[in-house]
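Protein chains: 2
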Amino acid sequence: MQSAGKQLRSIWPGDDRARVHIIDQTLLPHELTIVTISTLSGAARAIETMQVRGAPLIGVTAAYGVALAMRADPSNANLNAAMSRLAATRPTAINLRFALDAMCEHLLTLPESSRAEAAFDRASALAVEDAKLCHDIGVHGLGLIQDLAKNKKIGEPVNILTHCNAGWLATADWGTATAPMYMAHDEGIALHVWVDETRPRNQGAALTAWELDQRGVPCTIVADNAAGYLMHAGKVDLVIVGTDRTTASGDVCNKIGTYLKALAARDNGVPFYAAVPSPSIDFSLESGAKIPIETRAAREVTHMSGLSAAGRRETIAVARPGANAFNPAFDVTPARLVTGLITERGVVAASREALAQAFPERSGHAPLMPAASRAARF
Amino acid sequence: MQSAGKQLRSIWPGDDRARVHIIDQTLLPHELTIVTISTLSGAARAIETMQVRGAPLIGVTAAYGVALAMRADPSNANLNAAMSRLAATRPTAINLRFALDAMCEHLLTLPESSRAEAAFDRASALAVEDAKLCHDIGVHGLGLIQDLAKNKKIGEPVNILTHCNAGWLATADWGTATAPMYMAHDEGIALHVWVDETRPRNQGAALTAWELDQRGVPCTIVADNAAGYLMHAGKVDLVIVGTDRTTASGDVCNKIGTYLKALAARDNGVPFYAAVPSPSIDFSLESGAKIPIETRAAREVTHMSGLSAAGRRETIAVARPGANAFNPAFDVTPARLVTGLITERGVVAASREALAQAFPERSGHAPLMPAASRAARF
Chain Y
0 MQSAGKQLRS IWPGDDRARV HIIDQTLLPH ELTIVTISTL SGAARAIETM QVRGAPLIGV
60 TAAYGVALAM RADPSNANLN AAMSRLAATR PTAINLRFAL DAMCEHLLTL PESSRAEAAF
120 DRASALAVED AKLCHDIGVH GLGLIQDLAK NKKIGEPVNI LTHCNAGWLA TADWGTATAP
180 MYMAHDEGIA LHVWVDETRP RNQGAALTAW ELDQRGVPCT IVADNAAGYL MHAGKVDLVI
240 VGTDRTTASG DVCNKIGTYL KALAARDNGV PFYAAVPSPS IDFSLESGAK IPIETRAARE
300 VTHMSGLSAA GRRETIAVAR PGANAFNPAF DVTPARLVTG LITERGVVAA SREALAQAFP
360 ERSGHAPLMP AASRAARF
Chain P
0 MQSAGKQLRS IWPGDDRARV HIIDQTLLPH ELTIVTISTL SGAARAIETM QVRGAPLIGV
60 TAAYGVALAM RADPSNANLN AAMSRLAATR PTAINLRFAL DAMCEHLLTL PESSRAEAAF
120 DRASALAVED AKLCHDIGVH GLGLIQDLAK NKKIGEPVNI LTHCNAGWLA TADWGTATAP
180 MYMAHDEGIA LHVWVDETRP RNQGAALTAW ELDQRGVPCT IVADNAAGYL MHAGKVDLVI
240 VGTDRTTASG DVCNKIGTYL KALAARDNGV PFYAAVPSPS IDFSLESGAK IPIETRAARE
300 VTHMSGLSAA GRRETIAVAR PGANAFNPAF DVTPARLVTG LITERGVVAA SREALAQAFP
360 ERSGHAPLMP AASRAARF
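Here the protein sequences come in this chain order: Y and P.
Letter by letter, the first sequence follows residues 0 to 377 of numbering that gives the first Met the number 0.
Letter by letter, the second sequence follows residues 0 to 377 of numbering that gives the first Met the number 0.
Hints listed in this document are in silico derivations from the structure and should not be mistaken for laboratory results.
Here the structure is a predicted model, which means the values were calculated and not measured.
For glycine and all other residues, C-beta sits at the position ideal for the given N, C-alpha and C.
Reference listing, derived: stretches of chain Y covered by chain P, where coverage requires no fewer than 3 residues with Cβ under 8 Å from a Cβ of chain P:
1) 199-209
2) 213-220
3) 227-233
4) 261-269
5) 302-308
6) 311-322
7) 326-332
From just these sequences and the hints, can you work out the full model?
Quick look at the structure:
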């Protein structure tokens with residue numbers, strides 16, 4: 000992605016194909032630091048500590064993690080160990096499982112001697128595929144923005160609200176939710192993005208606002224609490240969010256708080272879309288209630304990190320030391336609140352029927368649940 | 000209020016009746032620091048900088064501010080100047096205007112020589128009245144909690160979610176939203192309170208959790224984003240929030256984000272109550288859309304203060320320096336989402352009819368608006 004005149008990537012292999020480079024996203028927006036990973040456990044830790052995050056990038060990083068493991072020891076036993084270690088890093092994003100399955104399926108057919116090279120090739124191919132999915136989501140989402148722009152006076156921006164970071168930092172390129180924004184901006188459509196800060200980890204304020212600023216897309220950070228006010232005041236034309244896992248029936252699991260924005264969008268007649276590359280769709284699950292929701296450390300709520308006036312990175316307590324906190328990382332927005340899903344194959348309704356029609360080759364594998372039990376969940 | 004064995008108050012006059020003492024709430028929960036105010040401008044600044052905050056306490060502080068002004072110069076000109084200065088501190092909470100009107104009405108009838116003493120007396124009386132209102136709200140709200148406790152197994156707590164701080168720190172005593180909680184706790188009812196951290200100023204994490212911890216009421220801080228998840232998971236039995244201004248028709252203006260919690264409560268069948276002392280009711284306004292919503296500094300969103308690991312108070316940037324931010328401080332929850340209003344005269348429906356019946360002596364003064372224009376607002 001072009002970022003302030005430089006070409007940046009969220010992850011890329013070293014020339015020696017024995018290492019992988021990432022941007023340490025825990026240090027943004029204050030420092031752009033490249034971290035080099037050379038082991039499986041380094042890759043697993045980068046995912047766990049959220050140096051890399053975002054469902055698609057977690058998948059690609061895990062794929063490279065498998066490649067690093069194969070470089071060290073290409074045995075079946077080590078492949079299995081790598082799969083287990085990486086699968087345990089984070090539970091909610093389905094892309095992780097998708098990427099690991101793709102790697103495993105490919106490598107098991109190969110002799111050990113060629114696995115390391117093949118694993119790097121396959122991981123890089125997954126990154127290229129991911130960038131292509133995001134690009135195509137951008138093309139389809141662009142249409143939504145163009146339609147809204149037609150009803151604006153000249154120079155009046157289309158106001159889009161987004162939550163968390165589903166930008167190029169969360170993917171191999173373009174981002175999911177941001178791809179339509181970048182394409183609209185490149186086309187000269189006047190845009191303004193409301194960026195939810197996205198507590199507790201502040202991915203909106205720290206990552207999305209940074210991305211958009213670097214690309215010159217006008218944006219404004221707001222507290223997560225502000226979305227209802229903004230929508231009621233008519234200041235939001237469109238909501239686009241990402242997803243960590245979307246079910247066969249169109250329930251959208253995404254960063255905690257997404258559901259609240261969807262409720263506000265519905266209450267104020269604002270269209271609410273999720274940008275959903277197909278590896279984020281879990282056709283084996285009907286209801287969002289079945290998605291495992293990761294609970295993260297209480298300290299993410301009670302402490303915050305940032306830059307002191309002296310320019311030092313500091314972590315401060317924002318609650319009484321010892322205060323209880325609870326930190327669920329995701330919630331589920333039921334399909335009934337979702338205007339549509341922006342997939343690489345077009346914008347489709349958040350419904351079993353529409354998803355099955357768009358992805359017939361995958362939806363057949365989903366176990367069917369009776370409609371009654373679906374309805375009972377939401 | 001009894002707090003960790005000590006009797007604490009949010010505001011009290013000095014023995015010399017030429018000064019007023021407050022707790023500097025910007026330093027909680029890390030420091031309990033008493034600040035002494037001896038001038039009108041000191042009182043105004045304490046309100047503006049949120050050393051004191053919370054609609055009822057803003058009112059009482061403003062009343063003492065008038066008293067300090069009268070101590071310096073009891074002329075009509077200075078009374079007018081004090082009224083103007085204090086009225087301009089914060090626009091949304093109606094209690095400020097209520098308190099100033101009460102002070103002015105009283106003092107204008109008195110000779111200048113007796114105004115300073117009378118002003119201190121009247122300000123202290125307003126504080127006593129406020130504590131009584133909160134007490135009575137506690138008694139009525141306690142009934143709601145008792146009803147919920149009846150359906151719990153022994154030891155299983157009633158789970159209450161609250162937003163921002165409508166505790167004793169926000170009032171002369173008891174708090175509004177917290178009064179029912181303190182009374183239930185004192186009665187031995189098992190309670191657990193989910194405390195929204197309440198960005199951007201973190202009044203929940205910094206003040207409400209501190210208050211509850213000090214009183215021994217079990218509580219857990221959550222990011223504002225978590226409310227929908229908690230409610231959908233069946234972890235919330237009741238929401239109680241405060242208000243900065245409630246209209247004649249029952250629209251509840253409160254801290255930004257309250258509307259989102261009300262939407263989640265409605266979507267999940269969780270009862271949503273606002274604790275509303277009558278000085279918070281603006282019978283001159285029909286619709287919440289008419290309430291002026293304060294916009295505060297962007298820096299409150301982009302920066303946070305807290306305690307460093309070294310025990311120093313630090314302010315850190317959590318977004319890129321220079322990033323745009325927008326910081327509306329309140330939103331409006333339409334009456335249709337409010338299960339009931341807990342007033343000092345009982346729990347009433349959030350409707351013009353119910354409020355007029357509960358407060359007939361005040362509602363007659365409200366200009367009537369046609370029902371059609373009410374409906375159009377929300």
